[in-house]
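S.K.: For reference, the chains in residue letters:
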Amino acid sequence: MKTEFDVIIIGAGHNGLTLGAYLSRSGLSVVVLEARHEEGGGLSTEELTYPGFLHNIHANYHTFVDLAPPVSDLKIREHGVKYVKPEVQMASIYDDNTALLIYDDLDKTVDSIARFSTKDAETFRRLYKEAHGYVDLLLGTLMFEPPMSVKELTKALSVFGVSDRSEFLSVKLRRETINQFLDEHFENPKVKAHLAFHGAVCGYGNNIPGLAIGFPLLIGKINNWHISIGGSHRLAHALWRDMANHGGILVTDAEVVSIVVDNKKAVGVKLADGVEISARKCVVSTVSVEQTFLEFLDKDKVVGNDGNKLLENEFIQKVKTEIKHQSWSLFSVHLAMKQPPNYLAAEFAEDVNKAWVVNLGYGSLEELNSDWDVISKNSLPDPRPNVAVNSLYDPTDAPDGFYTGLLRQFAPYEIGNDGPAAWDKLSKYYGQKCIDAWSRFAPNIGEDAVLKWTTYSPHDIAVKLPNMVKGDWMMGQIALSNMLDQRPLPELGQYRTPIESLYMAGSTQHPHGFITFAPAYNALSVIADDLGLDKWWREV
Amino acid sequence: MADIYTQKWYEEVKNAINNKVADMKELPEGKWQIAIEIFGDGISPYVDQGNERHFLVAIDQGKCLWYKEIDPNSKDEGDKVKLDYRFRGSAVKFDEIAAGVLDPIDAALGGDIKVKGDMRFLLRQADQVQILLEAYSKDVKTDWPHGKPPY
Numbered sequence: 003m004k005t006e007f008d009v010i011i012i013g014a015g016h017n018g019l020t021l022g023a024y025l026s027r028s029g030l031s032v033v034v035l036e037a038r039h040e041e042g043g044g045l046s047t048e049e050l051t052y053p054g055f056l057h058n059i060h061a062n063y064h065t066f067v068d069l070a071p072p073v074s075d076l077k078i079r080e081h082g083v084k085y086v087k088p089e090v091q092m093a094s095i096y097d098d099n100t101a102l103l104i105y106d107d108l109d110k111t112v113d114s115i116a117r118f119s120t121k122d123a124e125t126f127r128r129l130y131k132e133a134h135g136y137v138d139l140l141l142g143t144l145m146f147e148p149p150m151s152v153k154e155l156t157k158a159l160s161v162f163g164v165s166d167r168s169e170f171l172s173v174k175l176r177r178e179t180i181n182q183f184l185d186e187h188f189e190n191p192k193v194k195a196h197l198a199f200h201g202a203v204c205g206y207g208n209n210i211p212g213l214a215i216g217f218p219l220l221i222g223k224i225n226n227w228h229i230s231i232g233g234s235h236r237l238a239h240a241l242w243r244d245m246a247n248h249g250g251i252l253v254t255d256a257e258v259v260s261i262v263v264d265n266k267k268a269v270g271v272k273l274a275d276g277v278e279i280s281a282r283k284c285v286v287s288t289v290s291v292e293q294t295f296l297e298f299l300d301k302d303k304v305v306g307n308d309g310n311k312l313l314e315n316e317f318i319q320k321v322k323t324e325i326k327h328q329s330w331s332l333f334s335v336h337l338a339m340k341q342p343p344n345y346l347a348a349e350f351a352e353d354v355n356k357a358w359v360v361n362l363g364y365g366s367l368e369e370l371n372s373d374w375d376v377i378s379k380n381s382l383p384d385p386r387p388n389v390a391v392n393s394l395y396d397p398t399d400a401p402d403g404f405y406t407g408l409l410r411q412f413a414p415y416e417i418g419n420d421g422p423a424a425w426d427k428l429s430k431y432y433g434q435k436c437i438d439a440w441s442r443f444a445p446n447i448g449e450d451a452v453l454k455w456t457t458y459s460p461h462d463i464a465v466k467l468p469n470m471v472k473g474d475w476m477m478g479q480i481a482l483s484n485m486l487d488q489r490p491l492p493e494l495g496q497y498r499t500p501i502e503s504l505y506m507a508g509s510t511q512h513p514h515g516f517i518t519f520a521p522a523y524n525a526l527s528v529i530a531d532d533l534g535l536d537k538w539w540r541e542v
Numbered sequence: 167m168a169d170i171y172t173q174k175w176y177e178e179v180k181n182a183i184n185n186k187v188a189d190m191k192e193l194p195e196g197k198w199q200i201a202i203e204i205f206g207d208g209i210s211p212y213v214d215q216g217n218e219r220h221f222l223v224a225i226d227q228g229k230c231l232w233y234k235e236i237d238p239n240s241k242d243e244g245d246k247v248k249l250d251y252r253f254r255g256s257a258v259k260f261d262e263i264a265a266g267v268l269d270p271i272d273a274a275l276g277g278d279i280k281v282k283g284d285m286r287f288l289l290r291q292a293d294q295v296q297i298l299l300e301a302y303s304k305d306v307k308t309d310w311p312h313g314k315p316p317y
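Residue numbers (this note's numbering), protein chains in the order written: chain A, 3 to 542; chain B, 167 to 317.
In case anyone wonders, no lab produced these hints; they're calculated from the structure.
Mixed in with the good hints there might be a few duds.
Residues from chain A shown here face chain B by an in silico Cβ test under 7 Å; the list is partial [stated by the list, open to error]: (1) G135; (2) Y136; (3) E147; (4) M150; (5) S151; (6) E154; (7) A158; (8) V161; (9) R167; (10) L535; (11) W539.
Dumping the calculated EDC-like pairs for lysine to aspartate or glutamate here, alpha-carbon to alpha-carbon at most 20 Å [as the list claims (entries may be wrong)]: (12) K121/A - D109/A; (13) K379/A - D353/A; (14) K282/B - E147/A; (15) K157/A - E192/B; (16) K223/A - D278/B; (17) K282/B - D68/A.
No residue lacks a Cβ here, since even glycine has one placed at the ideal position from N, Cα and C.
Whenever a hint applies, use it, and build me the whole structure from the sequences.
M.R.: What follows is the structure, given as structure tokens:
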């Protein structure tokens, strides 16, 4: 195997592959090293139950399709990815078997909300239209550029008088929770619960101060949820194909154990099998901050020519104590099914049976808040799972006449005092409780409908993908203090690190996890500046 | 007073911007090359529906160095220029901004004028950008021979 490249990228998740593809297209020789047996990271699709049932183990919702520049720059669709945008994107079914539906079509959504509150329906229409108007602008500014500081943004919003122009955008939102935003603008508890649930599924907890500032943006793309036909892993293949077509190399089963530093500069990596690979221009880590700085680098050995330690104790201490992770994770049940759910709520709203992502039961902000409290105490809430039956819109993800189902429940990483390993004993029990909760809303869900099911716990997440520390699928807390140039630490906020030629480009970085492509895209911009690359992708 | 989108009108816009810049204590940084793409919408009488008018503008430290109209169908002239920003919108929206009826920030926030380019640079210099926008939307006296918005 060739052992010298311009660029070494650690981790073949969607960020590593995206960065690899861009840099390969820029004419650099690139190798992406993946510890697992296949590329994809969170883009993982496996036949967990029976052959032919394709289960997306991590990423299921593709909400940045046609909003993220890499989708077109890297010609994702030409490499075989097909997206479908469900007609009924999302629903909430409440305990009284009423249902609120979010359609691809705004008017239908407004009609659905109006069944609960005509005032909220019109507020939603105004909010959506306003947010949808600036979603390109805000995404281009806040997600697909290296981050500005909150101070800079606040000043600009103030100078441009944005608060005076919009009832939904205000500087004060940086101090508010999504709950407060919803209480200020909406009246019906069920409507508020649905909108908060939508934020939570995107990783934005409704009770976290400051997250209100991101909420209008979430609403602006509330009907941009897509399924990757044939499984999310197809996207990983497409990114790899694009990189390979331009000379980039992916090596799987290539576990990096250390980053080699010489004269203050990252110059290569060492693999678990002893092979050393050198990098002429840079090394990029897309895995966790903890792996990168506590495992791959020995702070006592990383010294410059002058003998000074490059990773000062203060920085290492910050990595140990100040990296913030989500305080909740996801417990999943993957099902092979003979029937799709037939909801009691179909009597109220027939289209609920066509809904792709369904919130089962949260009918007020208080119910959500209560469950966050339970989870924060490392306890298991009574399940109110959310459901996605991809087969309703992707008939290729299960054999003819069958369905693939996914239940997800907000859950703690650790349980009680028994730690994360307690999940290994409790998963079966809790999985059954989640299915029981589903069957209360769709009585046909039971032995008649379910062929086989299996669970995937927060502990499983952390074991399978160690970069998702503590089962943190966002690879860093979503909080204002951990956003923009403060994520994951101020020293790393612009994708550079204390070590020359070592960059961070994974979901630990701004903006966050989810299939956004943005950490890689933004790191690319910084790397291109440092290496003097022509930014062909920035064609204005 | 000049008819909108005429050479004379653009000259007045240029002068208005440069007059503002002459009074600025802190100048905007950098050189920007900007494309302005105006497409006919069947409402504005100044750009026919189905037609487009494209302009290139060069700004250096806030000062307008030059501008020129280019053929929107020609791939040559526009493509040779390395653009920093592209503003695109319907004629009626650009007309309304020039008439002071529509605020340019509202137009951008509402998605009526699409902006491409690194917005961080503009946001970091919000004070200066605001002054330049005011020059465009408030300091130019325009003749409206075919009618003034709102139409």
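S.K.: Against this structure, judge whether each hint is valid.
M.R.: Hint check:
The interface hint given for G135/A is met, as the beta carbon of that residue sits about 3 Å from the closest beta carbon of chain B, less than 7 Å. Here the hint on Y136/A is kept, as its CB sits about 5 Å from the closest CB of chain B, short of 7 Å. Interface restraint check for E147/A: the shortest CB-CB distance to chain B comes to about 5 Å, inside 7 Å, so the restraint holds. The closest approach between the C-beta of M150/A and any C-beta of chain B is roughly 5 Å, which is under the 7 Å cut-off, so the hint is satisfied.
Interface restraint check for S151/A: the shortest CB-CB distance to chain B comes to about 10 Å, outside 7 Å, so the restraint is violated. Because the smallest distance between the Cβ of E154/A and any Cβ of chain B comes to about 6 Å, under 7 Å, the interface hint for this residue holds. Restraint check, A158/A versus chain B: the minimum CB separation of about 4 Å is within 7 Å; hint holds. For V161/A, the interface hint holds, the least distance from its beta-carbon to any beta-carbon of chain B being 4 Å, beneath 7 Å.
Against a cut-off of 7 Å between C-beta atoms, the interface hint on R167/A holds, since the closest Cβ of chain B lies about 6 Å away. Restraint check, L535/A versus chain B: the minimum CB separation of about 15 Å is more than 7 Å; hint violated. The interface hint given for W539/A is broken, as the beta carbon of that residue sits about 13 Å from the closest beta carbon of chain B, more than 7 Å. At roughly 14 Å between alpha-carbon atoms, K121/A and D109/A fall within 20 Å of each other, so this suggested pair holds.
Proposed proximity of K379/A and D353/A is contradicted: the alpha carbons are some 37 Å apart, above 20 Å. Of the supplied pair hints, the one linking K282/B and E147/A holds, its CA atoms being roughly 12 Å apart against a limit of 20 Å. Only pairs whose Cα atoms come within 20 Å are accepted, and K157/A paired with E192/B is accepted, the gap being roughly 16 Å. Under the criterion of a C-alpha separation no larger than 20 Å, the hint pairing K223/A with D278/B is consistent with the structure, at around 18 Å.
Taking the CA atoms of K282/B and D68/A, the gap is near 15 Å; set against the 20 Å cutoff, the hint holds.
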